[in-house]
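J.: Take the given structure of chain A and dock chain B to it, following the hints.
What follows is each chain in one-letter form.
2 protein chains.
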Amino acid sequence: MAISEKRTITKQAIDFPAWYQDVVREAELAESSEVRGCGIVRPYGLKIWELIKAELSRRLEDDGVENVYFPIFVPLENLEAEKDHVEGFAPELAVVTHAGGEELTNKLAIRPTSEAAMYKTYAKWIQSYKDLPLRLNQWANVVRWEKRPRAFLRWSEFLWQEGHTAFATEDEARAEVIKMLDIYKDIYDFMAIPTFTGRKSENEKFAGAVMTTTVEVMAKDGKAIQGATSHYLGTNFAEVFGVNYLGADGNSHFAHQNSWGLSWRSVGALVMVHGDDNGLRLPPNIAPIQIIIVPIYKDEVSRQQVLDFCGTIKNKFGSNYRIKIDERDGQTPGFKFNYWEVRGVPVRLEVGLKEVAENKVTLFRRDNGVKEVMAIEDLSKALPVIMSDIHQSLYQQAVDFSAKHINRIESWDEIKDQAGWFEASWSEDPETEKQLKEKYGIVSRVLLREKENEAPKNKKCFISGQEAKHDWLFAKCY
Amino acid sequence: MAISEKRTITKQAIDFPAWYQDVVREAELAESSEVRGCGIVRPYGLKIWELIKAELSRRLEDDGVENVYFPIFVPLENLEAEKDHVEGFAPELAVVTHAGGEELTNKLAIRPTSEAAMYKTYAKWIQSYKDLPLRLNQWANVVRWEKRPRAFLRWSEFLWQEGHTAFATEDEARAEVIKMLDIYKDIYDFMAIPTFTGRKSENEKFAGAVMTTTVEVMAKDGKAIQGATSHYLGTNFAEVFGVNYLGADGNSHFAHQNSWGLSWRSVGALVMVHGDDNGLRLPPNIAPIQIIIVPIYKDEVSRQQVLDFCGTIKNKFGSNYRIKIDERDGQTPGFKFNYWEVRGVPVRLEVGLKEVAENKVTLFRRDNGVKEVMAIEDLSKALPVIMSDIHQSLYQQAVDFSAKHINRIESWDEIKDQAGWFEASWSEDPETEKQLKEKYGIVSRVLLREKENEAPKNKKCFISGQEAKHDWLFAKCY
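These protein sequences, in sequence, are chains A and B. In short: position in the first sequence from 1, add 5, done, that's the numbering used here. In short: position in the second sequence from 1, add 5, done, that's the numbering used here.
Chain A on its own, in the form it takes in the complex (with noise of 0.2 Å):
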């Protein structure tokens, strides 16, 4: 894009949805399909998503999962077949009615997730209990229909990868859904991402789970991120599918099931915490390029002495960090600060004439603004703390605003006042959560972790005034 086309990027304070929209196009992350719905996601944006993918694969295969492909169609009447399931998914599924150029008799849907398309398998997989656990993920595409689409948190089709268990026990299954949950609490981590882990609310649960529990974001516009989930299914699904097996004690079992996923919102969620009004900041960890180094020259001769010098640079960093020289001619160094800047590069390196004579450069950390001058030689030690440092550094600016941003109240009319989430001792009645969610667009999202085993710190429920049961976070959401 020409300079002269160039867009800025809204304030954050002035219009946080607005802010997003920007930086995800400026930046080169994605933009919008011809399908409503549908996002494009650009090579800058999709190699965000492949880091994160390589070391949630790498946590996976670590931890003995094996990865398996079913086909995007399910039948329909499999997904009929859980009765819940299919309330919560009906109103997103896209519908295949022909196909080879005849009517289908079949009606076949494209995968909301694939509980319904993988467990009449399973089932037949699944003879004994020396079969168990059966431990299978899945890196896929996925179709919810979104009436309204928003760039990597909601579009009609996304990348995620979905797991999918089956144990002898319950024990068992409810051990794999706090695994699970820590791995993906370790991968925003990875994102230097404070994240919030428990469990959801009756109404908040997958479609068909016993249970959800959920690593909760916040933006910085105060609104919560759903990031992962991971559910135990109990044996609904099991029942349904006849997944069963013959136990030890020569009497069949149903299976006790979970399914967990992490999909590209974390791409959106990783912008929504750690973006500023100047574009992206990106921790080092899924920066597609750590280090940019931006070359400074007047006239030919600067230009290659300056070039050279940047090369030498690059060759005796290059196996250590992702590193590019950014060598386009015609494009003033402001212009490239600014276009790197945007795209939130972790470390700048400056190279000018005075750099090249004194065998230094000038380093520009993106999360927080600092430029100071280094010799060459003092680079190899700097780095790797300069690196750590940059992630630490995102990681408590946004635990530092979490805190911030999360106020304990009392009572209904406290709510009116919150810009953030905030905490409250709760009936867990659904009626409740369905009138906060119709009067103020808030819901619950999590039951922390540490608070299950604790009693609330009021004995009422904000809401209904009947008795409370445990100290929950409720917030609006993406």
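By construction, these hints were calculated from the structure, which means they are not laboratory data. Treat the hints loosely; a few may be bogus.
[Said to hold, decoys possible] Okay, the calculated bits of chain B under chain A, using three or more residues with CB under 8 Å as the criterion: (1) 45 to 55; (2) 73 to 85; (3) 91 to 97.
Predicted, not measured: the structure shown is a model, and the values here were computed from it. Where a beta carbon is used, it is the ideal one built from N, C-alpha and C, also for glycine.
T.: Just chain B, lined up with the frame of chain A:
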């Protein structure tokens, strides 16, 4: 699967397609799904695809290609814009007519390939010659409704990568065709599979392309498998979707485009090229397990000794090889030998009390069935040599097989005696190819690159007797 249920593998010589189906099932590569024409790829089969994918990804990234993700849905009107393209793909389309509980005004095809999904956006991204070349790749699922499905080779849904480029000039785009063809050839080399590379006939080229090149592979029944294709699209799509650029000359020009793709058909090719009557044989590069250790013991005391010894070996070589110990109780060594032979694991190490006492292993090679006893201290040096030798031996067997199964023929009458491929001098008249297809189910497979600038051996076409242009390869195909 319990031993009692074990089904045997049909002999290749008796019924090759049945043999193929048996191996795919018994090696647990894949199985049919409830959705006709779509398959389920199991962990062992998917891991092979992931290893192929990792190597191709690395090659593409090294070559500066970036990944992108476009929606799975393509507006029908886009597909209909390029006349040849829609004619080629219309019979295979799956169409979404309903989504989100409503009938769609504009029906959506599921991508059979993404030219029509991407190039309107390319038109937006490309303004000036400075935006060129554009070289993007997508790893995705596509759907082409199959009347006669076959595991990996012809499923209605398959996974692949599709590269899509735009260049300023025809020369550059034609050079890209060959560059990608060579990369595909290398990927098949990586799988120890020899290939026949060159140009496709007018009838057999990609719908919408000016020219298609192909990587052809010979299966062990003498049929051909199209392993990957690399197309020069000319300005056909560019003219339809408006992919033009302002040249340095100040004028507007259409971009010259390519598309190129490789799918998990490559896994099917692998089975059909290397497999034997005992099942799969995998070259080490893409073997999910490169070394299987089978412990042999009679009682609890020897069991522990043997397992400890196996553990030591695994620890010693685990960082250099994908290695696994088959610790299953209740299965005989003989069962385990067969189990891993069916799955094509290149090297088996047998460890019994004798081996423990003498600090040795018995090493079995799947490619040639040879066993040898080897001292543990020699294993570090021997393994790289053995792995490389297995690769080379599988490759050479396939080369020898191909050489034996290509005959030269001069006339139509000789066709009926051909079991494998044949070479013949051909007029390249599409009508003669139609006759050949109708009568014998045979089509041209490839005009080898080295034959492109050679005069045909026979001046007369083997079908029509008219002037022959080149010597082509012909075969039945999957």
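J.: Are the hints correct? Go through all of them and say.
T.: Here is what the structure says about each hint:
1. Only residues whose beta carbon comes within less than 8 Å of a beta carbon in chain A count, and the region 45 to 55 of chain B has 7; three or more means the coverage holds.
2. With 9 residues bearing a CB less than 8 Å from a CB of chain A, the region 73 to 85 of chain B meets the requirement of three and the coverage assertion stands.
3. Counting residues of the region 91 to 97 of chain B whose CB lies closer than 8 Å to any CB of chain A gives 3, so the stated coverage by that chain holds, three being the minimum.
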